[in-house]
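Participant: Residues per chain, in single letters:
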Amino acid sequence: MAFYIASIIAILATIMVITRYNMIHALLYLVVSFLAVAVIFFMLGAPFVAALEVIIYAGAIVVLIIFVIMMLNLKEESVEQERKWFSKNIWIGPGILSLVLLGELAYILITSERVLLNNSVVDSKAVGMSLYGPYIIGVELCGLLLMAGIVGAYHLGRQRRKVVHRFLEKAEE
Amino acid sequence: MMLASLIAILMVGGIAAGFLARVNQTACRWLSLITVTIAFGIILFIWIDEGLSMTLTDSWLRDLYIPWIPSFGIAFHLAMDGLSLLMLALTFFLGILAVLVSWKEIQYRVGFFHFNLLWVLAGITGVFLTMDLFLFYFFWEVMLIPMYFLIGIWGHENKQYAAYKFFIFTQASGLLMLLAILALYFIHGEQTGIYSFDYFALLNTTLTPDTARWLMCGFLIAFVVKLPVVPLHTWLPDAHTEAPTAGSVLLAGLLLKTGAYGLIRFVLPIFPEAAASIAPIAMLLGVVGIIYGAVQAYSQTDFKRLVAYTSVSHMGFIMLGVFAFNELAMQGVVMQMITHGISTGALFIIAGVLYERIHTRDILRMGGMWKKVPFMGTVAMVFVMASLGLPGLGNFIAEFMTLIGAWQANKLLTIIATAGLVFATAYSLRIMQKVFLGKNIEGHGITDLSLREKFILVPLCIAIIWLGLFPQQVINTAKPTVANGSHAKNHAAIHNRTRTDNVQYTSAFDTERRKP
Amino acid sequence: MNVLPVEMGLLLAGVLFTLGLISVLIRRNIIFMLISVEIMLNAAGLAFIVAGSRWAQADGQVMFIFILTMAAAEVSVGLALILQIYHHLKTLDSDAADKMSG
Amino acid sequence: MIKLLWLIPTLPFLSALILILVGSRLSWRVAARIGAGSIGLAALLTILVGYEFLSSGKDAYLHVAWNWFQAGDLSTTFAFYLDSLSMVFIFVITFVGFLIHIYSIEFMQEDEGFSRFFAYLNLFVCSMLILVLADNLVLLYLGWEGVGLCSYLLIGFWYSEEKNGYAARKAFIITRVGDTAMAIGLFMLFTVFHTLNIQDILTQAPLVWTTGASMAVLIAFLLLGGAVGKSAQLPLQTWLPDAMAGPSPVSALIHAATMVTAGVYLITRMHIVYELAPLAQLWVGIIGAVTLLIAGFSALTQFDLKRVLAYSTISQIGYMFLAMGVGAWSAAVFHFMIHAFFKALLFLAAGAVIMALHHEHDMFRMGGLKNKLPTIYWTFLIGAASLAALPFITAGFYSKDQILWLAWAGEKGNLWFFLAALTGAVVTAVYTFRMVFITFFGEAKTKISHVPGMRITIPLVILAALSLLGGFIELPHTLGHLTLFSDYLSPLLPSVTLKEGIESTEWAIQLVTAALALGGVYFAYILYVKQPKLSDEIKSSTFELHQFWFRGWDFDALYNLVFVRPFVYLSRINKNDVIDQFYTGLVQITEYFNTAFVKTQSGILRWYVMGIVVGAILIMTISLFVQP
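Protein chains in written order, with our numbering: chain C, 116 to 288; chain D, -10 to 505; chain R, 2 to 103; chain Y, 12 to 639.
Read the hints as simulated data drawn from the structure, not as lab findings. No false leads were mixed into what you were given.
Think about it this way: if two alpha-carbon atoms lie no more than 27 Å apart in a straight line, the pair counts; the simulated DSSO-like pairs of lysine-lysine are:
#	chain 1	residue 1	chain 2	residue 2
1	D	Lys443	D	Lys428
2	Y	Lys174	D	Lys360
3	D	Lys443	D	Lys93
4	Y	Lys544	Y	Lys456
5	D	Lys361	Y	Lys174
6	Y	Lys381	Y	Lys550
7	D	Lys360	D	Lys443
8	Y	Lys423	Y	Lys510
9	C	Lys203	Y	Lys610
10	Y	Lys541	Y	Lys381
11	Y	Lys14	Y	Lys69
12	Y	Lys456	Y	Lys381
13	R	Lys91	Y	Lys610
14	Y	Lys456	Y	Lys550
15	D	Lys360	D	Lys428
16	Y	Lys383	Y	Lys544
17	Y	Lys586	D	Lys428
18	Y	Lys544	Y	Lys458
19	Y	Lys456	Y	Lys541
20	D	Lys361	D	Lys428
21	R	Lys91	C	Lys199
22	Y	Lys544	Y	Lys381
23	Y	Lys458	Y	Lys381
24	C	Lys199	R	Lys100
25	Y	Lys458	Y	Lys383
26	D	Lys428	Y	Lys174
27	C	Lys190	R	Lys91
28	C	Lys190	C	Lys203
29	Y	Lys456	Y	Lys383
30	R	Lys100	Y	Lys610
All figures in this text were calculated on a predicted structure; none of them were measured in a lab.
Model the full assembly from the supplied sequences, consistent with the hints where possible.
Facilitator: Take a look at the structure:
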């Protein structure tokens, strides 16, 4: 029962995310959605991942995005703009496509054999054993990826200092 | 080692010439000239030293085997027989002339020009020598790219278009060949367990008729585009017309010959049955080429384009001869490769010499030049006559042997091909009439050949007459390759003699050995 | 704890994914698109977890961790890119960045 | 001495080489000495070699210079083969050639291309000698094409005139058509005999083929194709009248005396093949008979002096072909020799007239030259008499009479051949003396600008003497029965078997021939001297026919319509190469797709995502509903 409640919360929260005009509101709903999913993880016997979901998704990533929004210093007009972009017609095409996709997915799931979930808990130790055992190469690759992410983010995020003569700069204005 | 040094000399010489041009352009030209002359000297040395004493059973002169990427069975394997020898002699002979004709014509980016020129020659040398199919493909591309630059940078009005066209045609067909090479490689590997690109190993591959036909088509298309055979010829008139004189000489004299060489060296020995099965079609295409090229040549008004179409016509004889499958025709083909290189090269040089003087290639605007330039006229007459197959000049020997050989294979086609000689007469005489005879309409005042130009054209004249009167030496040199069915197998003798470093290698695809 | 059928879990993942997808398609604001991508990644992770739970194996969770890592890297690089785009174009409109059009 | 045979073709060759390379720097005197001297030496050598050859009593002499090329079964040598047949030919070539060279020194003196002229002429003599001395057919082919080249060069000698170049190319291309047939004949010969050595073929042919073997007939026809082209016989005769664009000595040497008879040489040389192929031999005769009539009638209508002679040459070679057609080999060769004398004489004399009248070719603007140029007049008259075969005193009578007689009496002869030859004889007499009367009689219409000197008159006189006396080495049964010439050739060429009991009619035939020739002369006399108006009336009453004959029976127009125009048209419309359109079409299609697909590259991110989604849906749908 708890699973269904959490599911409904997750879905509702996500719907709210994708319909908001204000980014901050959307992000708050996103946190709710992530938390609901974390509950589901917990129920599925994955407590370690549930914790990670809360810490990294709901914590770090969302916060990062908020920081960026703050850096961009978006004002009310951005909300207005979002509203303008958001016409009713725009929903039709993507909606149909996505629903088709979802329908096909549901069809596959429904027609497949009914299988019950295993109710055992896989603890963090097992995950660790697995990560540093057969998946060690994946971990290393993830390390590389994060490294590349850091370097890339630093490189891209750096504000290049323009070396332009002041008269020229004036002329540009 | 001498074989590798041939390629190395040209490549190093090319780089050196490229850099030298920054200091001194004349020095760069001299360096290129010396480089090619040295290569020519080496070939002549080998010819005199060993080529003359070749016998039917011991027909391979040199062999060089250095493993390159042993895990894929790729080796730097060069070997030389009579055919390669002849082709190389032609290559360097025309190479020297190509450097000489560019002496005044090329004034823009001299260093890069000579770099490209020498690298094209190096590529062609590699193509004529290599006995490893991977290496062959490598050199096939090496000769392509510098040629692209030669046309694209130093060409005439429409050079970009011509260069693209040339590149796309050759490249696309070359890729088909690469596919066929790889397929052959894997089939051979599966059959014998030895994965090798070596020509002599792949010769022994047994193929089902269907596979053989497909694989052969891969090779064949690459070669007939290069040759070219109608209807795959349309890159040629553009490329020949737009290229600088040296480029035209190399294109007509050598690049086309790599196609013919490929047919003789690869298509026939590796796929004998498949080649025999398409022989009538191939011969038909050859004949179509002869007639079509001749008809096209007749109406052209651009001197170089006209000569380009005569090439199409003459290359038809090669197609006809190669697929006639007999010694006479094959000898004719070898002869045709050499004499066409000389005669067409010479005609392009004459076109270039005229262009330098009157800045047009339109033969309708020429005429009556003989009065002003009798020497050039006489030389042109010799080569025009060569191109219409006058006995006493080399082309006649080639065409006569080809036709008489082809007659044994297919009578009707030979008759049509022979009738092509009448068309050849028509277009050849048209050159003479429009350029040198008739009235000097535009009143061009031009000077006769300079000493340098005489130095280029007179050897060509002597060569074509010599080949017409004393062709036996060439025929003897080519004889083991074309006359002896087991020629390629003879290679084992010299191969074992020289191959000391018999490396045992593990193939990347050798599944047996990779099992733990 | 109740025993759940697998397809319900997967269906949830599918619904979440579809919602994310719709959002990507309809939004022009790049930040919103990034958020939507996060939703979709999360949904994918959920599917892995469900599968891992079905077999009581750790592999599903391992995969989730990989996805998480990737998402983190993606967000950091993506946000840096957004900053640059905003800096250059003075807008968050993804349609404005169409210099690559053929 | 006979060992120096190789020098005979080599001397002209060396001379040609010298003149080509350094000729422009030599004074005309030196160039003339080299040019004519080399031929003179060759002629002298020919006499010496001939003397030794005849006195040795051998059948043949072979000199191998070097092995030319050898590949597979094909083996050819650069070798000269001398036997009685080639002896006759090299004698005519060098001797007549020498006289013409001497003549040319004066004729071409003023021309700026003097040394070039001699270079070409020498090269021609060399090629012609190689042709007749060749030991194998490939070498013969070399000479064959070589003379074709020289003919081209010399017809177009005055190259700045567009029409000379046209005539030259026409000559080369039309003969090349025949050569193509001949080349195919060579291929077939090689396939049968595995050799192209002439003597080997001739000895093996009777062993391999029975009479009438289809292969033999085919080969004989193909070789005939080559002969027809070179000798300007039907249907490839159209080039010769135009070839008169060349200088007169060229017409004399190449287009009358030597080159055009190469076909006669070839067929005579290969006579064993023709004996084995009766059908082909019959056709040789038919071609000869038809050609001699057609060309004869055309000659009647020409007004250009040299064109009359050109048509006359075609007609006379027709006689030779007719002779070969009935198997009268030695009669053909005999007529060749005599024809070489009198036709060279006529051309040279005509050249002298034309030169004297400031390059005037039109006969009707000449006239009255009888007294002004007496030497020319008398020599021309002798030549004309010989051509018209005036009885008993001219060589032409004896050679032509032999052909007529054998066409009637020979086993392979028939009434039609005889009638054709007889008609031809009348026509010949008429057009010949029409020429004489118009040119030399009547009143003078053009002033003489150049009186011929010694170098022109001496060769004329010598040739005139030969045209008269040359015939007396071979006399018919009824008149002394002397057979020096045919005896000389008899080891090589079989004589004609006569029909049963026909010998008694020989005198009657001769009488008819003689009477008809004289009648023809008288007819011409009436028409062109006595009553010139009559000829005009005839001309205007049969204007259409006259024009038709004048245009050479419209063969040119026919060939233009059937071969030349379609070829040129085809070539012109396809100048830009229709096949290339395919590839440019390919490029255009690619470009079209490019512009179409480039729209999907909108730069709008959401479109790309949409693309991905649609792709995902497609893949899923396919995997769902299309079960493998």
